[in-house]
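**Q** Here's the letter readout for the chains.
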Amino acid sequence: MTEHIYLDFNASTPLRPSVMKAMTEAMQHFGNPSSIHKFGRAARSLLDSARDVLAALFKVEPVQIIFTSGGTEANNMVIKAAKDSIILMSAMEHESVDRSAQQAVKIPVLDTGIIDLEALKKLLSHYAGDKVLVSVMLANNETGVIQPVREIATVARQHGAKVHCDAVTAFTKIPFTYSELGVDYLSVSAHKIGGPKGCGALVVPLTEQLPALLHGGGQEKGHRAGTENILGIVGFAKAVEDSSNDNWEQVESYRNLLEDLILSEHQGVPIYGRQSQRLPNTCYMGMPGIATQTQLLAFDLEGFAVSSGSACSSGKVAPSHVLKAMGYDDGSATEAIRVSLGWTTTKEQMENFARAWLTLYKRYNGNE
Amino acid sequence: MINASNSNSENKVYYLDYQATTPCDPRVVEKMIPHFLENFGNPHSRNHAYGWKAEDAIEVARAQIAHLIGAGPKEIVFTSGATESNNLALKGVAQFYKETKNHIITTVTEHKCVLDTCRHLEEQGFEVTYLPVQKSGLIDLNELRQAITDKTVLVSILAVHNEIGVIQPLKEIGAICRERGVFFHTDAAQAAGKIPLNVEDMNIDLMSITGHKLYGPKGIGALYVRRRPRVRVLAQINGGGQERGMRSGTLPTPLCVGFGEACAIAEREMEKDNKHLKELHDRFMKTIFSSLTDIYLNGDAHMRYPGNINISFAFVEGEGLMMGLKDLAISSGSACTSASLEPSYVLRALGVGEDLAHTSLRIGFGRFTTIEEVDYAANRIISEVTRLREMSPLWEMAQEGIDITQIKWAEH
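Residue numbers (my numbering), protein chains in the order written: chain A, 1125 to 1492; chain B, 89 to 500.
Calculated from the structure, these hints are not laboratory results.
Predicted model only: the values in this text are computed from it and were never measured.
Ideal Cβ positions, reconstructed from N, Cα and C, are used throughout, including at glycine.
Incorrect hints may have been included.
To be verified - DSSO-like mimics (lysine-lysine), calculated; alpha carbons at most 30 Å apart, straight line: (1) B/K141 - A/K1471; (2) A/K1204 - A/K1471; (3) A/K1204 - B/K141.
To be verified - Looking from chain A toward chain B, a few residues come up when the C-beta cut is under 10 Å (computed): (4) S1159; (5) D1222; (6) G1284.
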């Protein structure tokens, strides 16, 4: 495995060494934070400190941070609590948003990978007078295209709608605070930023009690029952702190290098959302005439871990719903792979991957 | 081995609260570490070796968990813990079968998360019967039989009680449920790895388990869902369709691995653990009951898990007793509610009077508890109860033969 080069940071990320260290230290405090004795209080204090770290980053009060088992749960909490609302979501939301809603009205997406703001405005006018929740992601997990969430939120709120933002993929790669986005609910996850799996958070308004998804012992101020995953939460906070040292400009330059190396030889290679503002680490591109599955197998053999898109469910490589939403046909949607870089990615790795990509493309085209 | 006593500190505190949570077994930690560091792939990534390797590790863990309870690996659904498992079992079954059945039976002494979930289901229009318990804390099987109707879809009963340690007659309950065609769910958070459980022998259809009560990590649990005959649950967390659609979300590989290993160790060492606990239990009980009068063991004396001792001390003031025992990490109720001074709803359901419910202590022993810790705790409790009673006028009156329940106190 060590010879493999990991280029699937949007699926999950390696744990930061500092996070491992923080979690190892926290292991001695095994108490249940709800216990009133010394062991419980020690665990409670770890929990409180971690909450403070996230609150400081988002510039909110600590009580606005609800720890969950991950981004999926955080998204489910918001969408399921809105069951008596009209839910407007973009056609490229993550499955944990999309499938949480029994019914949803889809906001179209432009071919740039950006939500169609004009269409949203029309939908909001159409549903004027109804209770509405708008759910949009901050950056798409496949294309990396950054959405104009602040504008969307402003428009939505003018219409009296509530706004949820799934910021799982964008989190720590671009700076933002809760009030800068202007949304009501914000979902994030630890394992996409070098923290542990099994931990996420939802930011909620100060004055609102969101109905719980998990009922029980009243933890997280009644928002989310269950004994807190202290280690995960400690690791999450450490990952947040540590991520401030990441050099995303450098990551972006490596990502751009990869794209330049490929485009300089084959101008026609589609790189989706490239004309839009994207996350610095994501490249979603097609290899004309070669199926995604074929590419993935070939790259795995060559020692590169890349992906077809979101890493969920059955493992079937289905045509990307994101590309379809952007108006691409099924053909394009089945030839795309996602390369997602991280803080450990090097220039050399990108050069090697570009070479492997070009070789593969040539091999298949040569056979034609 | 386990630094469960904060020995670095000047004010040493002894950990005797194994029902609230257990320290992670060092052998579990050792198994987990490589999966934190090297095995970081998303277990649901199907396109590369990072994903496959993580998935393989999770499948090993799934099999370990299944084996502990006599189930098949495909019957194990990972969750974030017992609270989520209980939520999924109750809501999942109720909502899936709601077109034909709408009645759930549980007990008044269930864990808060089952009761809270049931209240939520009642708001949604489901009917819930809360069976009373006997003075022993055990349910009356006849009452269960009588409560089942043709609308009953699920019976949910705690296996080992978190507060009083009593073990419900699972096999008998399972037989009744099977005979009447009703699903049987048990919250086995305190039971799994502690007492022998077999989903086939006991006719259990759904079972909640959690990592951190059996020397595994926090943040991971499982729900056993029977496949034959098949039990269906409606997912409560939707998304990528992981866990065969029953629970979406990226699985935390290291936590799954730790949970699995904890189950494997518990299965292997259950006899040894229980022998150890029985010894500690008997020693503690003998010391306490031979030194103090007017104390009462809450819950059945025989059908119980030896690692849980819940005693009420008459003629002492509850808060004072807890304050006087700050060097013992013990609980006066379940951890979720122990910050409140309300007397335990569980003890009240047993018919324990308010005064005695107020002065109960739960002392929890576990795998890493030593005889020295037990002796220390027993002696500290004895001396503290004695000291408080010496200051108590009620105790003085009782010693003089006055029945204080008969006193008519003058109003001021």
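**Q** Each hint should be assessed against the structure and marked as holding or not.
**A** Going through the hints against the structure:
Under the criterion of a C-alpha separation no larger than 30 Å, the hint pairing B/K141 with A/K1471 is consistent with the structure, at around 26 Å. Proposed proximity of A/K1204 and A/K1471 is contradicted: the alpha carbons are some 43 Å apart, above 30 Å. Only pairs whose Cα atoms come within 30 Å are accepted, and A/K1204 paired with B/K141 is rejected, the gap being roughly 33 Å. Taking 10 Å as the C-beta cut-off, the interface hint given for A/S1159 holds, the closest approach to chain B being about 5 Å.
For A/D1222, the suggested interface contact is upheld, since its CB lies about 8 Å from the closest CB of chain B, less than 10 Å. Interface hint at A/G1284: violated, since its Cβ lies 26 Å from the closest Cβ of chain B, which is beyond the 10 Å cut-off.
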